[in-house]
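Trainee: For reference, the chains in residue letters:
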Amino acid sequence: MNRFVYEQARLVESESFVSRDRNVKIYDGDQKTDFEDGEVVLTTHRLFWGRPGEIARAAVTLCLPLSYVLSLSEEETTSNFFGRKTRIIMHLRPPDVNKAPGPLDTSRAAHIKLSGKNGLSVEFHSALRETLTAKVWEISLTNETILKSPAPLGNVNDRLARIQKRTGIGGIERHLEAKAKATDENIALAFQDLSVLMAMAKDMVGISKSISSKIREQKGEISDDETVRFKSYLLSLGIDDPVTRDNFTSNTAYFNSLAQQICEMLLDPIEEHGGMMSLADVYCRVNRARGLELLSPEDLLHACEQLRGPIKLRRFPSGAMVLQLESHDDELIAIDTLEKVTAAESLAVEELAKQLGISLLLAKERFLVAERLGKVCRDESVEGLRFYPNLLLERSTG
Amino acid sequence: MAEFQWPWEYTFPPFFTLQTHDETRQQQLKVWSDLFLKYLKHTNQFLLGINDQNLPLFCNESIKRRLSSELILLILEHLQSTGHAAPLDKRRQEWQVYWYTLEEYGNMVYDWIQETGQTNSICTLYEIALGESTTQLDFHGVDEAVLLKALRLLEEKGKCELIEMDGSHGVKFF
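Chains as they are written, first to last, in full-length UniProt numbering: chain S, 1 to 398; chain H, 1 to 174.
Think of the hints as simulated: they come from the structure by calculation, not from any bench.
Wrong hints could be hidden among the right ones.
Think about it this way: if two alpha-carbon atoms lie no more than 25 Å apart in a straight line, the pair counts; the simulated SDA-like pairs of lysine to any residue are [unchecked claim]:
| # | chain 1 | residue 1 | chain 2 | residue 2 |
| --- | --- | --- | --- | --- |
| 1 | H | Lys30 | S | Ser396 |
| 2 | S | Lys340 | H | Leu18 |
| 3 | H | Lys64 | S | Thr342 |
| 4 | S | Lys340 | H | Thr20 |
| 5 | H | Lys149 | H | Leu162 |
| 6 | H | Lys64 | S | Arg174 |
| 7 | S | Lys340 | H | Arg152 |
| 8 | H | Lys30 | S | Leu391 |
| 9 | H | Lys30 | S | Gln260 |
| 10 | S | Lys99 | S | Ala59 |
| 11 | H | Lys64 | S | Lys99 |
| 12 | H | Lys64 | S | Ala59 |
| 13 | S | Lys364 | H | Gln114 |
| 14 | H | Lys159 | H | Lys64 |
| 15 | H | Lys30 | S | Glu380 |
| 16 | S | Lys364 | H | Gln26 |
Okay, chain S solo, but in the shape it has when bound (with noise of 0.2 Å):
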């Protein structure tokens, strides 16, 4: 697996496209790797191995140059559920000392296997062996060679043809794969604006940290300009340096320092929402404020499991989990719902949402930490739920 190198999935001169395979995941000798569910492509020079769509736009994927196979071997596994399928060993020289870095700076193995979900094609499989036996890279490496001796090109030429030239089924599979290819070049072509603004993304994020700062300071002069306000509340949004998987060899260590952003900045906002948050809340806004670098909810969840200090997650009994500050009281919830209520007479769950500006989930928390304080209690009708004062226990004991 070290003998691999970054690189950006081009043909070079003299190269070309060979065969490909999808579904294919890597193994380091006999370790499972998490290079899973990949797409493979060999030309007469080089292996690529891609996150599905990487190869097609260009990107910077794993690239091991076929120099270093020794030999291909090939081993059977069957298990129950999959039946019989054919992984590929290739045998590897050790690494060069000058080579560029790849995913995997040292490796005991010296051999890496392929394996699919339904074992690689035969077509991969036999493509790979014409190629290695053909090894065109020798005789390109060395352009003099090649123009000195017309010779061996011609051999060349001829172990190409070889290998490219197919008929019938595999011919045309072949034909139309080309035309793919061409279709997905001319993706990576267009995305490349994107890859550009993927760049600037930082300095973006910089000048508008910027222009924040100013508008803060301006803040304290005019703070009844609207206009002001408004544009401080959409860049009070925005995390300078959002914290990433990449910076992190531990989990723990990640999740850790995720906490402890998200709750920098949630503490106002929440502050802001009466004390309580609902984590679909707080993932719309955390995510909205990370712009590019996108939480997935699972982090998200196991971040929030790590809070400590002022804001804490909180699982209702009835499973719904929140964000809650720790100065937050069931006692002072149920009090102040219980003053709305009183104040209203009766109040449904989304008349209270609709008074607080909170959620519906939310405002039926807020009725049943007050009930089970025995601040109110419900009516249960054709009309639906409303929560009353509880006069029940009120009168009877005052």
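Following the hints, position chain H against chain S.
Mentor: This is chain H only, laid out in the frame that chain S set:
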């Protein structure tokens, strides 16, 4: 007959929904139980069917709320636990409700017998329940089936003996 005085809870919608908060629920059941007894006493009834949906006791048309049969059953079971009710069928649909517990009835009757010096004499159940001499007493107007149960309880304690004559009952107190 004077208009029945409903408690304030009767116009309070949550009163008709079983409450989840423990203490509130206990209080709610207690008020309902009292209301059941008062209402039945007022209308001079001893029997209650859960399916008797249109009984004003079970629904308040003015606020459009009615008791669910589950809640009625719960209230009756609460009454049963305090000795004020007993189911008459296995499906617990028909209930006999006692304004006083059977023991209270028994004691009241026994006290009256002793006060009026009727020990060792025989009287009929009709005399006790509907006789002219008991009109001022709390057990006057009691259902004969309920009275019979109360007297059987007294019999177990050895305070009286029930005698059956021509399908009706007589009782001799000691």
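Trainee: The structure should be examined with respect to each hint, and the outcome stated for every one.
Mentor: Status of each hint after checking the structure:
{"no.": "1", "hint": "Lys30(H) x Ser396(S)", "result": "11 Å, holds"}
{"no.": "2", "hint": "Lys340(S) x Leu18(H)", "result": "23 Å, holds"}
{"no.": "3", "hint": "Lys64(H) x Thr342(S)", "result": "21 Å, holds"}
{"no.": "4", "hint": "Lys340(S) x Thr20(H)", "result": "20 Å, holds"}
{"no.": "5", "hint": "Lys149(H) x Leu162(H)", "result": "11 Å, holds"}
{"no.": "6", "hint": "Lys64(H) x Arg174(S)", "result": "77 Å, violated"}
{"no.": "7", "hint": "Lys340(S) x Arg152(H)", "result": "56 Å, violated"}
{"no.": "8", "hint": "Lys30(H) x Leu391(S)", "result": "14 Å, holds"}
{"no.": "9", "hint": "Lys30(H) x Gln260(S)", "result": "52 Å, violated"}
{"no.": "10", "hint": "Lys99(S) x Ala59(S)", "result": "20 Å, holds"}
{"no.": "11", "hint": "Lys64(H) x Lys99(S)", "result": "84 Å, violated"}
{"no.": "12", "hint": "Lys64(H) x Ala59(S)", "result": "69 Å, violated"}
{"no.": "13", "hint": "Lys364(S) x Gln114(H)", "result": "62 Å, violated"}
{"no.": "14", "hint": "Lys159(H) x Lys64(H)", "result": "50 Å, violated"}
{"no.": "15", "hint": "Lys30(H) x Glu380(S)", "result": "20 Å, holds"}
{"no.": "16", "hint": "Lys364(S) x Gln26(H)", "result": "24 Å, holds"}
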